[in-house]
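Participant: Sequence:
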Amino acid sequence: MLPEEDLKIIKKELGREPTLVEQGCFLNLWSEHCSYRSSAPLLKTFTSTGENVIIGPGDDAAIIKFDDGYVLAIGMESHNHPSYVDPYNGAATGIGGIVRDIISMGARPIALMDPLYFGPLDTPKNMFLFEQIIKGIAGYGNCIGVPVVNGETFFDRRYSGNPLVNVVAVGLCREEEVITARSQKAGNKIVLAGSSTGRDGLGGASFASRDLSESAEAEDRPSVQVGDPYTEKLVIEMTLEAMRKGYIKSCKDLGAAGLGGASSELAAKGGLGAHIIADAVPQREPNMNAYEILLAESQERMVFEVTPEDVDAVLALVAKYDLNGAVVGYLTEKQNYTVEFKGEIVADIPINFLTGGAPTCEKPSVAPIPRVEENKAPETPEDLKAAFLKVISSYNIASKEWIYRQYDHEVQLRTVVKPGEDSGVLKITDKKGLVLSCGCQPRATLLDPYKGGKIAVIENAMNLAVKGADGLAIVNCLNFGNPDRPEIYWQFKNAVLGLGDGARELTIPVVGGNVSLYNESDEFKTAILPTPSIGVIGKVNLETPLLSGFFAKPGDTIILVGGTTADMGASEYYTCFGAQNAGKVPSVPKNAPEIIKAVIEAARSGKLSSAHDLSLGGIAAGLARMCRNSGAKVNLSEASELKAEELLFSEAPARAVLATGEPEAVLEILKDVPHMIIGKVEGNSLEVKGKDFEISLSLKEISDAYGSLTRFMMG
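Read in the working numbering, the sequence shown has 170 at position 170, and its numbers run on one by one without any break.
Fair warning: there could be bad hints in the mix.
To be verified - Simulated crosslink set (DSBU-like; lysine-lysine; CA at most 35 angstroms straight-line):
| id | residue 1 | residue 2 |
| --- | --- | --- |
| 1 | K233 | K525 |
| 2 | K11 | K363 |
| 3 | K376 | K65 |
| 4 | K432 | K671 |
| 5 | K700 | K680 |
| 6 | K590 | K700 |
| 7 | K590 | K432 |
| 8 | K320 | K44 |
| 9 | K584 | K65 |
| 10 | K643 | K633 |
| 11 | K400 | K11 |
| 12 | K553 | K363 |
| 13 | K8 | K525 |
| 14 | K431 | K584 |
| 15 | K691 | K633 |
| 16 | K427 | K553 |
Unchecked claim - Restraint ranges, calculated between C-beta atoms of paired labels, are given here:
| id | residue 1 | residue 2 | range |
| --- | --- | --- | --- |
| 17 | K12 | F712 | 56 to 62 angstroms |
| 18 | K525 | A319 | 36 to 42 angstroms |
| 19 | K44 | T507 | 16 to 22 angstroms |
| 20 | P368 | G578 | 43 to 49 angstroms |
| 21 | T507 | N289 | 49 to 55 angstroms |
| 22 | E487 | M713 | 32 to 38 angstroms |
| 23 | A386 | N629 | 22 to 28 angstroms |
| 24 | G343 | P286 | 32 to 38 angstroms |
| 25 | P120 | A665 | 25 to 31 angstroms |
| 26 | Q184 | K584 | 16 to 22 angstroms |
I should point out that these hints are in silico values taken from the structure, not numbers from a laboratory. Note that the coordinates shown come from a computational prediction; the quantities given were computed from them, not determined experimentally. Ideal Cβ placement from N, Cα and C applies to all residues, glycine included.
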């Protein structure tokens, strides 16, 4: 039911008691999930404009100028709570929902990315969630024919009881084909098209704005939508055809708060009202009432604004695709949201009050008290080689092949760089490609939220840079615990500020996204790690050969770009040795933008044969990963002020490893940023030397360690 304080505000505005249907509308549209009540003040700090931004935050997806008259639609969403209660359908409908956000803008979906966060795979429950969520993503994405080209999978015990399923979707269209969710004219009809409406997903928006309990699976299952990818494919084609024929004046997909949310927001954005006839909605269950019809989140549905003269043509097109369609209302000059059911008015609300009247505020924030006993760094390991293998076999660093080989990443025939590298790359025109990266570092964000937010931007930008791409736009999914807890709100606030500052320093606009709060588990008495997951897209010139993420040419000189620091807080090395809360998070260097620019220039020069970003696991993991086909001899003795474990496993941001057959030319490009020659590509092993250590790993030892997750899942 409505919170008491909200009910007082609503009664005062309406001058009466709200009806049951009106209460349902407010409960969902004023939820944190829909109205960003505690996050809106923070989200306003992002810079969301730029020379390539055509439509920024506020629509179903952002529209970004690309090249040669093409634009990209990009959005990011979460489906966390549903994916815990019903992992297959929760994950599948997360894909379906964000894809409909893309088509509602007039764009054909061409790519997906999936940053995912799980509890460790040492319990049957976590294993079940992991397997079913991956199956849900694969099953839905493969059926609708949209490739998953990049992702992140991160494991930590604090995601037990509350896994995170974040999805980025990108679409493509011509600039003149863009449609918005801004209503155009009073008297135009509101057409609901796609699947029929059932009771599934009822109350999903309000469900996503509270903690998960141990009994959530049974009692909340009706709040989880059930997807049908084959219907979604028909909805995609039907919607795009209707748009191409000029029938659609404005459009919105049905997501959170169902028809009530979509129709009220579409009307309000154009300064109009809406009159909805609830019993005109095609229903698949008997005896549905107005509350259920209006607020169910049944999947694969779109709402269109259509002129009266085009209604028959639209309904004929809907029938052609064997979908359901009906006129369910019309737009009005009077700015009210009115719902009629069986001849009676069951809701009549000022529409701007419903869609924009939820009170917003910054909540109290207090930094948590550090726990001194957890601030002890591990001793230098006696067996450095064993430590090396332990870190690179960690499931956070190991190959995610078991996951991405379940996805069809080549459908649509645009994929140039497949999953498994720093970034995915798609061909858009003969000359230009789209580069995509996603993810964040949750443990860094836990220990220092500001640095963690900033590191997320820098790391993803470097993932693009090693392919020679500038960043065009950022979308985010800000996953945190209960914002009513001051220490959680402090994490949230500082991570947002760090993310925003990092984006401004690189001049990449933050154009949209999603906030997912209340990610806590009563079952395990835990909050998730603060997880400001982001998606970044960039543009690359395909006329220059794309660099491999693996050593490609024996004899190449290996160059380390960026500075390595001794701070090891939040590193995978510390976590592997039981010190996950120890130490300080490394700072983003002030010259990070210059380092990234230099790497982009080097990648575009044609002088490199391979390049790889350094992040989790440090240079140890980076070199091991690059030694897929060839070995290397590396000497790190010049950095003699650092301990062996700091040299190998520091996760200092804004670093990359480059390999080149023309070192003099590359060194000239890098002359104004920190860099050093560290070795050669040669042999059939990785040999790493420091001032007081030497390690040698065969390619088989590396391959076996890196294949740990795939072997476990296959075993």
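Participant: Hints the structure violates: just list their numbers, smallest first.
Facilitator: 1, 3, 6, 8, 9, 11, 12, 14, 18, 20, 24, 25 and 26
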